[in-house]
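With chain S fixed as given, assemble chain W onto it according to the hints.
These protein sequence lines are chains S and W, in that order.
In terms of my numbering, the first sequence is residues 88 to 213.
In terms of my numbering, the second sequence is residues 631 to 786.
Keep in mind that the hints were calculated from the coordinates and are not lab data.
Careful, some of the hints might be misleading.
Unchecked claim - In silico DSBU-like links for lysine-lysine, alpha-carbon gap of 35 angstroms or less:
| id | chain 1 | residue 1 | chain 2 | residue 2 |
| --- | --- | --- | --- | --- |
| 1 | S | Lys156 | W | Lys683 |
| 2 | S | Lys186 | W | Lys697 |
| 3 | W | Lys697 | S | Lys112 |
| 4 | S | Lys93 | W | Lys697 |
| 5 | S | Lys208 | W | Lys731 |
Said to hold, decoys possible - If you want the footprint, here are the derived chain S segments under chain W, 3+ residues with CB under 8 angstroms:
| id | region |
| --- | --- |
| 6 | 120-133 |
| 7 | 195-201 |
Every residue, glycine too, gets a C-beta built ideally from N, C-alpha and C.
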Amino acid sequence: MDKNIKILIVDDFTTMRKVIRNLLKSVGYENIIEAEDGAIALRTLKNNEVDFIISDWNMPNMSGLELLKAVRADSELSKTPFLMVTAEALQDNVIAAVKAGVSNYIVKPFTAEVLNTKIEKILETL
Amino acid sequence: MDVRFINAFLDATENVLKTMAFVEPKPGKPYLKKDNVAKGDISGIIGLTGDLKGSLGLSFSEGCIVKIVSNMLGESMSGIDNDVKDAVGEITNMISGVARKKLEADGLNITAAIPTVVAGKSHSIVHVLGGPSIIIPFEIEEGPFVVDFCLDNVPS
Numbered sequence: 088m089d090k091n092i093k094i095l096i097v098d099d100f101t102t103m104r105k106v107i108r109n110l111l112k113s114v115g116y117e118n119i120i121e122a123e124d125g126a127i128a129l130r131t132l133k134n135n136e137v138d139f140i141i142s143d144w145n146m147p148n149m150s151g152l153e154l155l156k157a158v159r160a161d162s163e164l165s166k167t168p169f170l171m172v173t174a175e176a177l178q179d180n181v182i183a184a185v186k187a188g189v190s191n192y193i194v195k196p197f198t199a200e201v202l203n204t205k206i207e208k209i210l211e212t213l
Numbered sequence: 631m632d633v634r635f636i637n638a639f640l641d642a643t644e645n646v647l648k649t650m651a652f653v654e655p656k657p658g659k660p661y662l663k664k665d666n667v668a669k670g671d672i673s674g675i676i677g678l679t680g681d682l683k684g685s686l687g688l689s690f691s692e693g694c695i696v697k698i699v700s701n702m703l704g705e706s707m708s709g710i711d712n713d714v715k716d717a718v719g720e721i722t723n724m725i726s727g728v729a730r731k732k733l734e735a736d737g738l739n740i741t742a743a744i745p746t747v748v749a750g751k752s753h754s755i756v757h758v759l760g761g762p763s764i765i766i767p768f769e770i771e772e773g774p775f776v777v778d779f780c781l782d783n784v785p786s
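Looking at chain S on its own, in the form it has when it is part of the complex (with noise of 0.2 angstroms):
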């Protein structure tokens, strides 16, 4: 699996892309990038190459879920996987988050590993 992908973490908590990033390093992932809203995700990703996203669901100013649907709908970022995180997983969350084209979605707390094996079964089937 290609550890040398580059991964935008979007959310609007400091802390937890210190952690989300702090788990990524810790299963080889090394070429991070971030951003603190959906509104800077885009501008982040019309900037950068950028092989995979994780963001979360519950942001102000763009959500997880606008970010993804402008993602789906932008013809150069169309393809990028899309990993959803989220404080609970909802069963309407989860409806709207696979009709707007998330990739797959993941419910903290998480650890490493849950979040390693996330993201190689989305690569896995690309």
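Quick look at chain W alone, frame taken from chain S:
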């Protein structure tokens, strides 16, 4: 006091802190709290609505939260700063999410607001319903913390 709520918040707290911060807090005996004074130096509070109404708070002693956040971030924290405040909000959010998922299995659909964080000695935790609240005390080697919740069928 509905034991389902105590079990849900207790299990969620242990789960989140074990997974994210690699600590295993020891729970104490739950009790009723009748005032608004926080038990710790920094607290996260989140409003709950739906089949249950009220609020959930977590209140940490400084030594305890410094240890927890240091473990979460993989870097040594020296005291309560913006990163620690940010982490308390996220921990509160996560514990709320895990507990609500457990209660959802009992047929209780609950949604949560955005958490707020308050710091300082003897600050207040003002619950949506006013109180009294249920306290679940916990202890780690570096200090105590409590789960402090007040829901619509907590006995007055």
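So, going through the hints one by one against the coordinates:
1. S:Lys156 <-> W:Lys683: Holds: Lys156 of chain S and Lys683 of chain W sit about 32 angstroms apart, inside 35 angstroms.
2. S:Lys186 <-> W:Lys697: 41 angstroms, violated
3. W:Lys697 <-> S:Lys112: 21 angstroms, holds
4. S:Lys93 <-> W:Lys697: 31 angstroms, holds
5. S:Lys208 <-> W:Lys731: 25 angstroms, holds
6. 120-133: violated (count 0)
7. 195-201: Contact hint for the region 195-201 of chain S vs chain W: holds, 4 residues under 8 angstroms.
Checked against the numbered hints given earlier, this structure breaks hints 2 and 6; the rest are met.
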